[in-house]
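Undergrad: One letter stands for each residue in the lines below.
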Amino acid sequence: MSDPLLELSGVTIRFGGLTAVSSVDADVREGELAGLIGPNGAGKTTVFNMITGVYQPTEGAISFGGQPTAGLKPYRITELGIARTFQNIRLFPSLTVFDNVRVAFHLHLDHDSVHSLTRGPKFQAEEVQLRERTRELLSIFRLERVQDEPAKSLSYGDQRRLEIIRALATRPKLLLLDEPAAGMNPTEKDELMKLIRFIRDRFGLAILLVEHDMKVVMGICERIHVLEYGRKIAEGTPSGIRGDPKVIAAYLGEEPVKES
Amino acid sequence: MFPPRSQRILLAVLAASALLSAVSGRLNPYFLDVALGAGISVVLASSLNLINGFTGQFSLGHAGFMAVGAYASAMLTTTLAPRLGLSANLLQWVFFPLSLVAGGLLAALAGVAVGAPSLRLKGDYLAIVTLGFGEIIKVVLQNVDAVGASRGLTGIPSHTNFFWVFGSAAVTVYVVWALLNSTYGRGFLAVADDEVAAEAMGLNTTGYKITAFVVGAFFAGVAGGLYAHLKGYLNPGGFSFDKSIEIVVMVILGGMGRHSGVVVAALLLTVLTESLRQTGAFRMIVYSVLLIVLMLTRPQGLFVWPLWSKKEGRP
Ligand SMILES: Nc1ncnc2c1ncn2[C@@H]1O[C@H](COP(=O)(O)OP(=O)(O)OP(=O)(O)O)[C@@H](O)[C@H]1O
Ligand SMILES: [Mg+2]
Numbered sequence: 001m002s003d004p005l006l007e008l009s010g011v012t013i014r015f016g017g018l019t020a021v022s023s024v025d026a027d028v029r030e031g032e033l034a035g036l037i038g039p040n041g042a043g044k045t046t047v048f049n050m051i052t053g054v055y056q057p058t059e060g061a062i063s064f065g066g067q068p069t070a071g072l073k074p075y076r077i078t079e080l081g082i083a084r085t086f087q088n089i090r091l092f093p094s095l096t097v098f099d100n101v102r103v104a105f106h107l108h109l110d111h112d113s114v115h116s117l118t119r120g121p122k123f124q125a126e127e128v129q130l131r132e133r134t135r136e137l138l139s140i141f142r143l144e145r146v147q148d149e150p151a152k153s154l155s156y157g158d159q160r161r162l163e164i165i166r167a168l169a170t171r172p173k174l175l176l177l178d179e180p181a182a183g184m185n186p187t188e189k190d191e192l193m194k195l196i197r198f199i200r201d202r203f204g205l206a207i208l209l210v211e212h213d214m215k216v217v218m219g220i221c222e223r224i225h226v227l228e229y230g231r232k233i234a235e236g237t238p239s240g241i242r243g244d245p246k247v248i249a250a251y252l253g254e255e256p257v258k259e260s
Numbered sequence: 001m002f003p004p005r006s007q008r009i010l011l012a013v014l015a016a017s018a019l020l021s022a023v024s025g026r027l028n029p030y031f032l033d034v035a036l037g038a039g040i041s042v043v044l045a046s047s048l049n050l051i052n053g054f055t056g057q058f059s060l061g062h063a064g065f066m067a068v069g070a071y072a073s074a075m076l077t078t079t080l081a082p083r084l085g086l087s088a089n090l091l092q093w094v095f096f097p098l099s100l101v102a103g104g105l106l107a108a109l110a111g112v113a114v115g116a117p118s119l120r121l122k123g124d125y126l127a128i129v130t131l132g133f134g135e136i137i138k139v140v141l142q143n144v145d146a147v148g149a150s151r152g153l154t155g156i157p158s159h160t161n162f163f164w165v166f167g168s169a170a171v172t173v174y175v176v177w178a179l180l181n182s183t184y185g186r187g188f189l190a191v192a193d194d195e196v197a198a199e200a201m202g203l204n205t206t207g208y209k210i211t212a213f214v215v216g217a218f219f220a221g222v223a224g225g226l227y228a229h230l231k232g233y234l235n236p237g238g239f240s241f242d243k244s245i246e247i248v249v250m251v252i253l254g255g256m257g258r259h260s261g262v263v264v265a266a267l268l269l270t271v272l273t274e275s276l277r278q279t280g281a282f283r284m285i286v287y288s289v290l291l292i293v294l295m296l297t298r299p300q301g302l303f304v305w306p307l308w309s310k311k312e313g314r315p
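Residue numbers (this note's numbering), protein chains in the order written: chain A, 1 to 260; chain B, 1 to 315.
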């Protein structure tokens, strides 16, 4: 078994009197397709926000590739190789689809403000190459036909896919997806599942998926972590999780754990 | 191709400014004065557009940075230059531009001091801090005897000519355009759109905001130097809050984050202000009414046409 790529140990965060996440231990291994599930308000998005540096844990530690991430700004964490999408889509709405992806290549740029002004041959060559790479990414996901549209004009499903492409442009080792299937119809969900598997294989990265749709989660995740009221109550394979009495109890009165 | 098209256009505009400068002596002096004022407005509005338009921040301190540049360059040309015993040509074509740059750098330094602490914070801190900065600069200038205190600074040589004004305007527009038109530069727009997402995509949002702010402050300082050597005297009252608002209005009328729209707005508004000068307070009423009408009818800006915006890469 490979060393964990991402490791959370005893991670806790309090907002005033509310303990949103409480001593959570979890890990994601290199190349793994892992799931993070739990009822509404269980703390899943908060875990993502702590992993990506938006929030700092009150207690506990997070490390990525063996390096502790405490105190790092979000963009530094992205630099280490963690990219994410957002539960409530956060594209750059007024930028074109093309520029949404292009700007995310930023971490791997050789040019900066000064080169933008001098615009020498090397700068121009890099820009040409970046345009090529952007187009390539867009075409893998068949979004090149709308590349000049503002991102806000895309359909909901396309916006979600664009958010994933944009995250990939940062060249992550770990991709965090927060409810990518939300608002999608069954056909789109099937496509999304294929897409997630494809991304993992093609880009060789690990994925941590937060998702309410059990068919999606059970269908693609190799290992699942379950949260309830900020505590981790179970971890295991999809079939193990489905039969776990604690998980079933957590979801009672919520949406039942079943493949519908 | 090298040099790229944008730089060839810049060179062409610089050459045209030089040619026009050679014949500008034949123009009606009043007309020339208005034209140069309009050119200085282009420098001010385009540089503020980088901060308020493209990067989505809200600075109210542009008159303050302008004052820093104006006084700094004027002090150089009034106190240092005479001791060097330079020829008139050297003064006008070498010492003066260097003093403009020095004024710009000092304004940029002030920009770092003001921007670095407040740009780290989210929200409207920048507006409040820059507002305070502008007022502080004014009060300081009103009380420092070395720069003439409230009597103002007089006897500034009139080095500002057509070439320096429109050359500076062309350079400012080029710098703002070139900064934005690169993969790096798209980051400014991303920061304006969604800071959290920008940070999550690996963009150092604070770095972008400070860069925009410092570059903006630099050109405001250059504009101040041009202004000082156009008018021949400086009065701290000329760099009040009203002046900052005037520049903000140009950026808003120009469509916030449109290169060409803001240039047109700066030119037209300067001419309009000039023609309303005799009417005094009435000017501010016209301004206010104009703003209200605009917000209601053309929230995207006055001078924004679809063709232009498409070229500029912002849908
Ligand atoms: N910034 C914050 N300030 C205060 N409370 C917060 C903050 N962020 C999250 N919370 C609280 O933490 C708890 C967990 O929220 P979180 O969004 O992580 O849940 P979730 O598992 O993602 O739920 P959902 O499935 O509805 O997205 C909630 O009670 C929420 O109100
Ligand atoms: Mg959530």
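Hints are computed from structural coordinates only; laboratory data are not their basis.
Cβ coordinates follow ideal geometry from the N, Cα and C atoms, glycine included.
Among the hints, erroneous ones may be present.
Derived Cβ-Cβ restraints for the label pairs, each shown as a range [what the hints assert, rightly or not]:
| no. | chain 1 | residue 1 | chain 2 | residue 2 | range |
| --- | --- | --- | --- | --- | --- |
| 1 | A | 129 | B | 279 | 37 to 45 Å |
| 2 | B | 8 | A | 73 | 34 to 42 Å |
| 3 | B | 112 | A | 56 | 24 to 32 Å |
| 4 | A | 133 | B | 143 | 39 to 47 Å |
| 5 | B | 237 | A | 124 | 15 to 23 Å |
| 6 | B | 8 | A | 129 | 41 to 49 Å |
| 7 | A | 153 | B | 117 | 33 to 41 Å |
| 8 | B | 14 | A | 121 | 20 to 28 Å |
| 9 | B | 112 | A | 125 | 26 to 34 Å |
| 10 | B | 30 | A | 73 | 48 to 56 Å |
| 11 | A | 76 | B | 232 | 22 to 30 Å |
| 12 | A | 129 | B | 15 | 32 to 40 Å |
Undergrad: For every hint, state whether the structure bears it out.
TA: Verification of the hints:
In this structure the hint that residue 129 (chain A) and residue 279 (chain B) lie 37 to 45 Å apart at CB is violated, the actual value being about 57 Å. In this structure, residue 8 (chain B) and residue 73 (chain A) meet the distance hint of 34 to 42 Å, their C-beta atoms being roughly 40 Å apart. Separation of residue 112 (chain B) from residue 56 (chain A) is about 27 Å and conforms to the stated range, judged on CB atoms against 24 to 32 Å. Against the hinted window of 39 to 47 Å, the Cβ-Cβ separation of residue 133 (chain A) and residue 143 (chain B) comes to about 57 Å, which falls outside the hint.
Separation of residue 237 (chain B) from residue 124 (chain A) is about 48 Å and departs from the stated range, judged on CB atoms against 15 to 23 Å. A C-beta distance of roughly 23 Å is found between residue 8 (chain B) and residue 129 (chain A), which places it outside the suggested range of 41 to 49 Å. Against the hinted window of 33 to 41 Å, the Cβ-Cβ separation of residue 153 (chain A) and residue 117 (chain B) comes to about 38 Å, which satisfies the hint. The beta-carbon spacing between residue 14 (chain B) and residue 121 (chain A), approximately 22 Å, falls within the hinted interval of 20 to 28 Å.
Distance hint for residue 112 (chain B) and residue 125 (chain A): a CB-CB separation of about 33 Å, consistent with the stated range 26 to 34 Å. Against the hinted window of 48 to 56 Å, the Cβ-Cβ separation of residue 30 (chain B) and residue 73 (chain A) comes to about 54 Å, which satisfies the hint. Take residue 76 (chain A) and residue 232 (chain B): their Cβ atoms lie about 51 Å apart, and the range 22 to 30 Å is violated. The hinted range of 32 to 40 Å is satisfied by residue 129 (chain A) and residue 15 (chain B), whose Cβ atoms lie roughly 33 Å apart.
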